[in-house]
Amino acid sequence: MREDASGTKATGGTGGTGGTGGTGGTKDDGNAGGGAAASAPPAAYEPEPGAGRGERLSALFQQHGALVALVVLTAIASLSFDSFATGGNFENMAVSSAFLAVVALGMTFVIITGGIDLSVGSVFVLGGVLAAWGSQYGTLVALLLPLVVCGLIGLVNGLLIAKAGLAPFIVTLASMLGARGIMLNVTDEGAKTYLVDKGAFFAKLGQGKLLGIGAPVWITVVLFVVGAVVLRRTRFGQHVYAVGGNEDAAALMGAPVARTKITVYVLSGLLAGLAGTLNAAWLASGVTILGFGMELDAIAAVVIGGTLLSGGLGFVSGSLVGVLLLKVIQNVINQIGSLDSAYQQVVSGAFLVVVIVAQTWLGKRRQML
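If you read the sequence shown in UniProt numbering, its first letter stands for residue 1, the second for the next number, and so on.
Heads up, none of these hints are tricks.
DEER-style ranges, computed between Cβ atoms: (1) Leu173 x Gly199: 37 to 43 Å; (2) His64 x Gln345: 21 to 27 Å; (3) Lys163 x Gly87: 48 to 54 Å.
With a cut-off of at most 20 Å between alpha-carbon atoms, the simulated EDC-like pairs for lysine to aspartate or glutamate come out as follows: (4) Lys209 x Asp197; (5) Lys209 x Glu91; (6) Lys204 x Glu91; (7) Lys163 x Asp248.
In case anyone wonders, no lab produced these hints; they're calculated from the structure. Beta carbons: idealized from backbone N, C-alpha and C, even for Gly.
Build out the structure end to end from the sequences listed, making use of the hints.
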């Protein structure tokens, strides 16, 4: 049985320390020494050498289950629908996946610490509206304004959770409503739609292409590479795993628990705002109706990709696979034509339930092994 970064055995279930319904507070802010980061923590459950077949299969399921499902579903769809396996369709799926993927990247860091961020959907919309509004004053304003505002929302979330000890669910639910209120105020209750000049440099961030691939896709790839390096190769990333694995043990070992929590919520706010900014550049407008409910898709993608909802284990590449899997499901439903798009939510919800049940069952198996 492998141990998590805090030195305690991970159960793999959904009810562990630092879960989404916890207080989110910390007994100790930790110190700069970062003793909990002495060794790199595992991104996913890793059985010991010589482990039984069941233990190895459970590890493979967590790490590669979503990827296998993605490959199988893509192959079936390619054989079933002539218009699925085309360059144009794949390009559209890639670009539309990019925005959710950026949001899911920030959500991955939050969930690994044992938290949750319900505000990202509204922050995404707010970021897009602010970017479109700011584009009339130049690209710099269009980029900085949403990042500053959305980053501040994440900072408030982090401070209330880490310092005031409030539950992540309650705090981020409140900030979701707050971000939505700011957006409605900026758009005069949704009556105003701010357009982006398609000839401006800002629009090229969403509509430009490099080697035939949309700019949002390239930006997303770069962000995920950086995110993977930060999570797996830096002291901060090790603190993220340690806090999610066992918050009290991480604090005792010197990890800056409060600072780590604050940072992941700021990161989540920044990435949600950036995703909204890129979406505004792509659509050449700040659309007020897209993005609400995105927080649920982001959570589903992260968990389906192999990150434990209870925290302590996860990896950004799995979240990207989870996003792609959800987008392929959506595209297949569109290809069928006779099914309403609402079925995508039904299938996504079913996937999420299956994954969480499997994680809980596998966690209990590991405790018995």
